[in-house]
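Novice: Spelled out, the chains give:
Protein chains: 4
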Amino acid sequence: MNVCVVGASGYAGQQLVALLMNHPQVGKVFLMASSTAGARYSDLNPAFKGRMEELLLPATDLLIPGFVKENDIGAVFLALPHGASMPYAQFLIENEPEVGIIDLGADFRIHDVEVYKKWYGDHTCPQYLDRFVYGLPEVHRDQIMGCRTIGNPGCYPTSILLALIPALKAGVVETDRIVADSKSGMSGAGKTAAISSLFTEVAETVRPYKTGKHRHTAEIAQEMSQAAGEAVGLLFAPSIVPMSRGIQSTVYAAIKPEKLEWAKSSILNYYKEFYKDAPFVRVLDEQPETRNVRGSNYCDVWVTIDEDTSTLVAMGVIDNLVKGASGQAVHNFNLMFGFEETAGINMLPLYP
Amino acid sequence: MNVCVVGASGYAGQQLVALLMNHPQVGKVFLMASSTAGARYSDLNPAFKGRMEELLLPATDLLIPGFVKENDIGAVFLALPHGASMPYAQFLIENEPEVGIIDLGADFRIHDVEVYKKWYGDHTCPQYLDRFVYGLPEVHRDQIMGCRTIGNPGCYPTSILLALIPALKAGVVETDRIVADSKSGMSGAGKTAAISSLFTEVAETVRPYKTGKHRHTAEIAQEMSQAAGEAVGLLFAPSIVPMSRGIQSTVYAAIKPEKLEWAKSSILNYYKEFYKDAPFVRVLDEQPETRNVRGSNYCDVWVTIDEDTSTLVAMGVIDNLVKGASGQAVHNFNLMFGFEETAGINMLPLYP
Amino acid sequence: MNVCVVGASGYAGQQLVALLMNHPQVGKVFLMASSTAGARYSDLNPAFKGRMEELLLPATDLLIPGFVKENDIGAVFLALPHGASMPYAQFLIENEPEVGIIDLGADFRIHDVEVYKKWYGDHTCPQYLDRFVYGLPEVHRDQIMGCRTIGNPGCYPTSILLALIPALKAGVVETDRIVADSKSGMSGAGKTAAISSLFTEVAETVRPYKTGKHRHTAEIAQEMSQAAGEAVGLLFAPSIVPMSRGIQSTVYAAIKPEKLEWAKSSILNYYKEFYKDAPFVRVLDEQPETRNVRGSNYCDVWVTIDEDTSTLVAMGVIDNLVKGASGQAVHNFNLMFGFEETAGINMLPLYP
Amino acid sequence: MNVCVVGASGYAGQQLVALLMNHPQVGKVFLMASSTAGARYSDLNPAFKGRMEELLLPATDLLIPGFVKENDIGAVFLALPHGASMPYAQFLIENEPEVGIIDLGADFRIHDVEVYKKWYGDHTCPQYLDRFVYGLPEVHRDQIMGCRTIGNPGCYPTSILLALIPALKAGVVETDRIVADSKSGMSGAGKTAAISSLFTEVAETVRPYKTGKHRHTAEIAQEMSQAAGEAVGLLFAPSIVPMSRGIQSTVYAAIKPEKLEWAKSSILNYYKEFYKDAPFVRVLDEQPETRNVRGSNYCDVWVTIDEDTSTLVAMGVIDNLVKGASGQAVHNFNLMFGFEETAGINMLPLYP
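Protein chains in written order, with the working numbering: chain A, 1 to 352; chain B, 1001 to 1352; chain C, 2001 to 2352; chain D, 3001 to 3352.
Since the hints were made in silico from the structure, they are not lab data.
Computed from a prediction, not measured in an experiment: that's the story for all the values here.
Any given hint could be a false lead.
Straight-line Cα separation of at most 27 Å, DSSO-like style, residue types lysine-lysine; simulated pairs [claimed, not checked]:
1. B:1191 to C:2191
2. C:2213 to C:2169
3. A:213 to B:1272
4. A:169 to A:272
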């Protein structure tokens, strides 16, 4: 099957291209971009020298009638800034209904258009929000398997949701005041020139930002609420730390008093059982750190109970460009088309 | 006045030596150490080449009767691993009562010997715990001024306490479940060979550790409880991030419902008023980051109210080796002897 | 074919294990170590959690008569500190002559025992030095293919030799004063506790060391001399820079006056032609940087002529743990046994 | 004396402001800028919060007749991009001849206008090139003391010249092929948004650039030639490494055969003697590294003879923003006005 990556020159895009190039079920990978269209891929990304020498096509080629069919494109990955995926998704839904769409941006993660508007602004095709599945395979696996339209989760949400959802499903925590404190490497800010992203501005600092106001709050709350069966109160507090890849999230939630004893004795084993069939979640006995998942599609998870404060503390660590973006997109692609679940994304972490 | 630094070859010790060398009221700085005794200081620390060429004396010289008096030593700074300060402090209290003692370790920070034992083990001179003041000048300034025995606060506690104590004193937050999530650079681990501290093990990672079990919990809870007027429930969760200097702490606490409106409108101004006479606390309008205090004695503080979850979020950032150790020690030294409060520690941050 | 990695817990060893686990011709990978024998591999290297749960065997098991044959071990990789490979290599040569030996240390890289002694000290089995081929496939490919004993090149030498050997073979440079200035990440220092390797000692510094006295000088000079057909004068000057992986080497050599015109017009194309069949050397049109080869087995090479000083400047960049150690070892393994040359080591670089 | 910093919002500019704020002979520091004019200084640089709350004036204010005199400005520091200093310098020379001008850019470092044009392009006031002294105090101290117009050296040149000039003055090295290999932190690229300067593009890489073509070649060759008494052939090869501050330069030059014996026995002591009265050059017995000068005005120097290749190897390390820019500017300012040589710039390095 041929595939197409729209937005191939960003950090998530190029990681996705690298994964798809090694995917056993993928033939040709069409590369598309906007501002970099026309450039040779390996000139933009010298890491690809000798491996991917194609020119970037203009993203608008995708909208040419017949382009998808003539090129046997079975799936389109949209790795674009928020808001930019809508026209491509709408065109494909309306003209190429057989093609799989996996949107790595936020345009189709939120089911409720009012929530979308509150956090992101207007949506040009809200009528299609409903048909997109939130592509967190460990939670929505069955829906993903029968679907052609996936909203791929954000990086922060992936690390937070995989850490807390087992506890929410078990009903052990209070849901009115969940705190998620996340630390992220800089690649999450993308390959965009900005003074605040300079090496000199990021090295040797911890930079909290958008506390309580980050847009990912919307999708985290949506998925937490669904898992809990009731609306949750969520405070999401992200920080930038001086590294390129990786997110570590710690989630704090009060234990329900009646569940305390059970949680103290059983919560870690419950998590292990919860994820026993998930090939990309490793529930550890020790606190996880990001370097042990770098370059891989793993999310390492840990959970404990702090008895002094009756608090459940759950942690998730991921590589934000892999499990937090491109790797999860390929995982969804695999499930969507019935390929082997780990095809193309079973890399070991790169350490050190 | 001459002073003595015991433990001069560690990271906190050498930063302290650098500060004292430039202190207008300090004459000779005696350098002492255990394993590195006999070495030339500038050989161990080439940064000091041409500036401090003294040999390190054995720490036990301090215990020689008459040593302190004959050398006109007015203050002794103990920058030693936890547990190692006790014999020096005891000797000085019993033999040189006029000498100021500032212990940068944890031996004299805890007032309750049972709490000390729980977290640190046995104490060899518990009878002196009471006479030590917890050297957080912004909170215990008056006591410090009439005192010769100071337990200098830990690095994490400094950043956390300065962030939350105004709120505790105002009685706006619930105290049963306070969460402090801290991110620290590696110099806090000291100049000690360990695989887990290697560059290759720390670069590109976020490493949570000792969640709920870090010893600094004891002193943080002690001081929070005192400020609140009641015992607090504290969960302290530290992480290592890839930088050398700096701690960023975020503290989360539920707002008391009856204080919510006041807090929403007034909490930041209240903080500014609270610290208006504190020369080393800057209450910012924006979220603080560690690089803006590096190399300085500042603690930058910020506070906000998350309305969705009725949570107060307070942040403090410091240079762990300055405000979190040596700079605060000099601050205490200044107050103890009635020197100008900012003498020797009014450096601007080093940026970038 | 089953294989054995002796010294599996170091940085080069674990990268080698990761490569061999994904090698299509490799069955079981036996893991051996000295001080860490008995430990579960994934406990030492949490990155391998769920993927390699074997216990480390004592390295001395390899010396048990019959061990190699009974376990169908076709090749043994020795990833040990300098000097430690000798007894294992000697045992295998004398008892298991069919087994391939690839020594990642320096014990068998030097052909002349007097040179070995000068730089490294005594050798316990100098009679076998001759039968080892210096495993730089781009230079000694034919010899490697008919051989069972390989001295795998050092990391610095790989980056330097691949940069200069084409020029030496073309006879365009003077050979009496070749300068190689290399910058290396810290993983080259190994997973060993040392104060000088701490994050706090390596971040924000450039640290030149052993200028003109580094042991790798021996093998670089040996191979340069062989390529040039005469003894070269070499000054090798390495520095540590704050990163984990990667070596960048710049080599400076005077152009022979009579070759200047040719070199100015043709040297880059000559390099491209020289390496046209080498799957892991990419001759670039621009100056190479280490991040574009990270995690891959590539050596990116560039060459130019500085006209003002009639100097040839050649650069090579590698990932020191892959092309500079484990990846090159697998390359040699592939050639030794006639497997596809790129089998198991054709990874794309991990960027960013 | 009041002073003025034009270009106060860049990295060199803000470091200069920090130094001048603590200078015992400096009164008010006027801050000027172009694009950031009108902004509050501490908003642009939160490190200065509470310490420098002035607004940035438009740089063109300096050109208002009477502005300098009315504000008692005795010296103007121009910390501007190359080419931008000319109009300010010309105006001051022609209208305020008593005012000291210290240009941190390259506009007035080159004495020969043809050389200037070759490397930088047109010069709008070449008639004034001659009156500027190249402000390397260790070499041109006497000229600086009787001067009001200083071209402050570049960062790379400072580290290279201080390393090699003693050898050139001693006439021990051949001058036809001098190689300078420099490694620099990223702050040298300035506070300018560019993809190539992003954290994600700089972390974990060594990036050689402009080999043989960097503009600093002009001033290095000018000063080397003057010291040697003959035109030198220079190859300057810089690289970026992943740190914020610091430059390490290694200079390679062939020893004249007749000087070899003397150099082997005496060169290091000769260097120590050469710099014995220079307060900011420390000649070390060991190879220097950048972290030991960070935040200070020191240049640490080391020299050795490689006997195998009869090569002199000289190293210099500096903090590029201090000794390589602002600190050296203040040093020149001190000499220009007869202040104590170390006034305001005698900081100890910040380590770690």
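Novice: Hint check: residue 213 of chain A vs residue 1272 of chain B, CA-CA at most 27 Å. Holds or violated?
Specialist: Roughly 23 Å between the alpha carbons, so the hint for residue 213 of chain A and residue 1272 of chain B holds.
Novice: Keeping to a limit of 27 Å between CA atoms, is the pair of residue 1191 of chain B and residue 2191 of chain C held or broken?
Specialist: Holds, because 17 Å separates the two Cα atoms, which is no more than 27 Å.
Novice: For the pair we were handed, residue 2213 of chain C and residue 2169 of chain C, check the Cα-Cα distance against 27 Å.
Specialist: 26 Å, holds
Novice: Does the alpha-carbon distance linking residue 169 of chain A and residue 272 of chain A stay inside the 27 Å limit?
Specialist: 14 Å, holds
The earlier numbered hints are all upheld by this structure, with none contradicted.
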